[in-house]
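Colleague: Fit chain B to the known structure of chain A by using the hints.
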Amino acid sequence: MKLLRLAPENTKFPFMRFRRVSYPFSALLSLIAVALFVFKGMNFGIDFAGGTVIELRAKSGAAEVGTLRTLGESLHLGDIEVQAFGNPADATLRFGLQPGGDVAQQAAVERVRDAVGAYYDLRRVEVVGPRVSNELVQSGTLGVVLSIIAVLSYLWFRFEWQFAIGAVIATMHDLLLTVGFFSITQLEFNTTSIAAILTIVGYSLNETVVVLDRIRENMRKYKKMATAQMVDMSINAVLPRTIMTATTVMLALFALVAFGGQVIRSFSLAMIWGIFVATYSSIFICSPMLIYLGLRNEDADKAAMQKHETERKAETADSLRNEAAEGQAAAPTSSPAATEKTPAPARKAAGKRAKTRPA
Amino acid sequence: MLRFSTWKFFAIVAMTLAAVLIVAPSMLSASHYEQLKSRLPSWLVPPTIVLGLDLQGGSHVMLEVDQADLIATQVKNLRDDVRRILREEKVAITGGIGTTARGVQVRVADEADREKILPKLRQLRNSFSSALMGGPSPLDVETSPDGVIRVTITDAGLTDKSRKAVEQSIEVIRRRVDALGTREPSIQRQGDDRVLVQVPGLQDPETLKEILGKTAKLEFRLVAEPGQNPSETEELDQVEQEGKIAVEKQVMVKGEDLTDAQPGFDQQRSGEPVVNFRFNIRGAQAFGEVTSKNVGRLFAIVLDNKVISAPRILTPITGGSGQISGRFTVEQANNLSILLRAGALPAKLNIVEERTVGPGLGQDSIDAGKRAAYVGAGLVVVYMLVTYGVFGVFANLALFVHIAFIFAGLVLLGSTLTLPGIAGIVLTIGMAVDSNVLIYERIREENHAGRSILASLDAGFTRAFATIVDSNVTMFVAAAILYFLGTGPVRGFAVSLALGILTTIVTAVTMTRMMIAVWYHYARPTKLPI
Chain A
235 MKLLRLAPEN TKFPFMRFRR VSYPFSALLS LIAVALFVFK GMNFGIDFAG GTVIELRAKS
295 GAAEVGTLRT LGESLHLGDI EVQAFGNPAD ATLRFGLQPG GDVAQQAAVE RVRDAVGAYY
355 DLRRVEVVGP RVSNELVQSG TLGVVLSIIA VLSYLWFRFE WQFAIGAVIA TMHDLLLTVG
415 FFSITQLEFN TTSIAAILTI VGYSLNETVV VLDRIRENMR KYKKMATAQM VDMSINAVLP
475 RTIMTATTVM LALFALVAFG GQVIRSFSLA MIWGIFVATY SSIFICSPML IYLGLRNEDA
535 DKAAMQKHET ERKAETADSL RNEAAEGQAA APTSSPAATE KTPAPARKAA GKRAKTRPA
Chain B
12 MLRFSTWKFF AIVAMTLAAV LIVAPSMLSA SHYEQLKSRL PSWLVPPTIV LGLDLQGGSH
72 VMLEVDQADL IATQVKNLRD DVRRILREEK VAITGGIGTT ARGVQVRVAD EADREKILPK
132 LRQLRNSFSS ALMGGPSPLD VETSPDGVIR VTITDAGLTD KSRKAVEQSI EVIRRRVDAL
192 GTREPSIQRQ GDDRVLVQVP GLQDPETLKE ILGKTAKLEF RLVAEPGQNP SETEELDQVE
252 QEGKIAVEKQ VMVKGEDLTD AQPGFDQQRS GEPVVNFRFN IRGAQAFGEV TSKNVGRLFA
312 IVLDNKVISA PRILTPITGG SGQISGRFTV EQANNLSILL RAGALPAKLN IVEERTVGPG
372 LGQDSIDAGK RAAYVGAGLV VVYMLVTYGV FGVFANLALF VHIAFIFAGL VLLGSTLTLP
432 GIAGIVLTIG MAVDSNVLIY ERIREENHAG RSILASLDAG FTRAFATIVD SNVTMFVAAA
492 ILYFLGTGPV RGFAVSLALG ILTTIVTAVT MTRMMIAVWY HYARPTKLPI
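Listed in order, the protein sequences are those of chains A and B. Heads up: the first sequence begins at 235 in the numbering used here, then just goes up one per residue. Heads up: the second sequence begins at 12 in the numbering used here, then just goes up one per residue.
Bound-form chain A, shown alone:
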């Protein structure tokens, strides 16, 4: 049987070269996300904004959104939002906090019930008072912050500090872009969205860990290779897995979007975006950070630099006689000439060493 391969084999994409593009690009996107958050804001659901959502189903026939809207406005409940969704008999009413504290919220629901109760069943009623919504905001924020700290401490403990920093930056990046996603799509942001964000954080770290694990392994195997080249090699090695996993998770998420119903749709959409961003950031944000932070391979890099320097000097000496040679002086430090591949027997030995891991 011919098996399906979505991911190309034995790729040698020079991912690290894109860091000069990916960093400014991501910085720009993050800024846009922050700007969106500040200026456009989020469509906070009642969990965080407080207020009431009532899901109605017409007792017979279809829900009349227009009539409901006029009816809703006549009750003077402030901005009332009426939406039809899914089944034509269904509609949701949503309105904000009523002045007058917790008691006023319940009174408002009563008025809606009295007004529409004859023609509609109230299938779902959710009322979140002002104090509870404030607390949900606090616990939500606390949850996101705490989980990031906890996960990063684990990474710190398991990997070198450069890895942890790289992972923080990648995670922050994913977080910002997800917030931007919620702002630009105006998907409702509620407690389930916090769950989505934390899952995205988890997935993003999962991706990062898979790449970092391979980098760490290769770091020990190829001690003399320049960091950039070694990182590229590691990413290319895990690329088929990255593509495979992203695709399977996407398949599951698409099923949730298409069939999971109204309540978890915004969760699933955010997750889909999150998978994209997390995959991107593990390759283009976290990994290059290792080069900037100067991973253990400093010696190898220095050796490569020195070797390159001597070559350059020789070339410069040559260029005294041959002016056309000037362009070559700008060759990248990680040029293949500057590194050497470890011979195969040494590689096996290194592979065995890599098995004994630090506790």
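Among the clues, some could well be false.
Stated by the list, open to error - Dumping the calculated DSBU-like pairs for lysine-lysine here, alpha-carbon to alpha-carbon at most 30 Å:
hint : chain 1 : residue 1 : chain 2 : residue 2
1    : B       : Lys381    : A       : Lys293
2    : B       : Lys220    : B       : Lys265
3    : A       : Lys293    : B       : Lys220
4    : A       : Lys455    : B       : Lys220
Unchecked claim - Partial chain B-side listing against chain A, Cβ under 8 Å, derived:
hint : residue
5    : Thr59
6    : Arg366
7    : Gly369
8    : Gly400
9    : Gly441
10   : Glu456
11   : Leu496
12   : Phe504
Unchecked claim - Facing chain B, from chain A, some residues (calculated, C-beta under 8 Å):
hint : residue
13   : Glu394
14   : Val435
15   : Gly436
16   : Leu485
17   : Ala489
18   : Ser502
Since the hints were made in silico from the structure, they are not lab data. Bear in mind that the values here come from a model prediction, so they are computed numbers and not experimental data. From the three backbone atoms N, C-alpha and C, an ideal C-beta is built for every residue, glycine too.
Modeller: Chain B only, in chain A's frame:
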């Protein structure tokens, strides 16, 4: 790679069988489950998966002690205590007993009198709160040079009262909810001043709110006479009529002295619905005493600070029973008697959060969740199959066991399955194969690098394992924090995600390895099939 201890093999097979047996009853319809239960000894039949309120329908109502009302009640009690002390010690005051924001004040001109009552006032601390022995004082007693004594409730005293109010409320609420005849209501305290009431499968959530929202504080007080000291009376709303009526602040008998209340019909007059009640001995004595002394006066039946009715005392009522009429409907009389039997809430409770899902919507959500799960799982299974062939079959078998483990875990933990929980399971279906993918890709890689099939298989599993552990721990930490900080449905999501991560290690790593080992033993492949 090929060596696989027999006990490990059987352990995994046994675990799988156990999981399937644990989950199977939950997959049965309700009637079949009951049948099974009646035929087998009960310890043999595992419980079914508990569905969250969002899936089976029901009400989630968070109640909070109204602080303003709590303070008002406590100040009123304090005032009664101070009045009693003044009377007992026969101390004259200038003006009435005044109230401050959080306490009462009296002006006692005579210094000897002041000295006489101060120790008594300080003693109120002990009766005010017994739990605070040695802790911060619940009451502050201070005197100013002009002879004014102030008794103030401190923050500590208020928190203590609030906590006690919640404790007592839980009992009262349980009695009230039980009277509705619902199954398995859950009533829990939340923090210092909240009660969370969760009632599954309620057909009429309105009645629940109706009986939760009422304090049901019943009082019998005398209606004020013209010319009475205004500081001893207050104006209250009337239920039956427009306008207010002045009644004495002093309470003759409280609702807590009722032993029973039943709905009934007025025998003598109109035959309208009424509530018949009986006092305990203390209540009967007090009521008899007051009615004997005040024949001809009006007395007010006050419920939650509203006057239901104000009949005239025609003869002393010493029998210890009576009836409340107030132009009730049958339903109102019924609800009122439930409330009076269950007792009053020690403080007013406000609904600060309500989430009610009708049973129809719950069923729709279950259907949607099932559909999403089937489609999602189906897509993943097919994808694994076309990508990895025979190894894909192994991964899919492992996936099946993985799902069985998650459900078995839900049954064993007794945790609820919510809609986000279903989403979590669908998500772990996608994530679970990640471990398989990590292993398989590593095997391919090692094979391409020139290793033998066996060596590649071995290297694939050992090398990928470290990565799998690292990545799953990070995900698990995120899920754990979500569990501890999340509420309701989100918690359900965290549980299924965490369970999914734990079972992945067993199914995707150990089980797949076992299957591949067996396969290798019999197939003796010359070429890696992936």
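Colleague: For every hint, state whether the structure bears it out.
Modeller: Each hint tested on the structure:
1. Lys381(B) - Lys293(A): holds (26 Å)
2. Lys220(B) - Lys265(B): The given pair, whose Cα atoms are some 24 Å apart, holds under the 30 Å limit.
3. Lys293(A) - Lys220(B): holds (23 Å)
4. Lys455(A) - Lys220(B): Answer violated: lysine 455(A) to lysine 220(B) is near 67 Å, above 30 Å.
5. Thr59: violated (22 Å)
6. Arg366: holds (5 Å)
7. Gly369: Holds, about 4 Å.
8. Gly400: It holds, given that the least Cβ distance between glycine 400(B) and chain A is near 5 Å, below 8 Å.
9. Gly441: Status holds, d = 4 Å.
10. Glu456: holds (6 Å)
11. Leu496: holds (4 Å)
12. Phe504: Result: holds, 5 Å to nearest chain A Cβ.
13. Glu394: violated (14 Å)
14. Val435: Because about 6 Å separates valine 435(A) from the closest Cβ in chain B, which is inside the 8 Å limit, the hint holds.
15. Gly436: For glycine 436(A), the interface hint holds, since the closest Cβ of chain B sits about 4 Å away, which is under 8 Å.
16. Leu485: holds (4 Å)
17. Ala489: Check passed: Cβ of alanine 489(A) comes within 3 Å of chain B, closer than 8 Å.
18. Ser502: holds (7 Å)
Hint violations for this structure: numbers 4, 5 and 13, all remaining hints satisfied.
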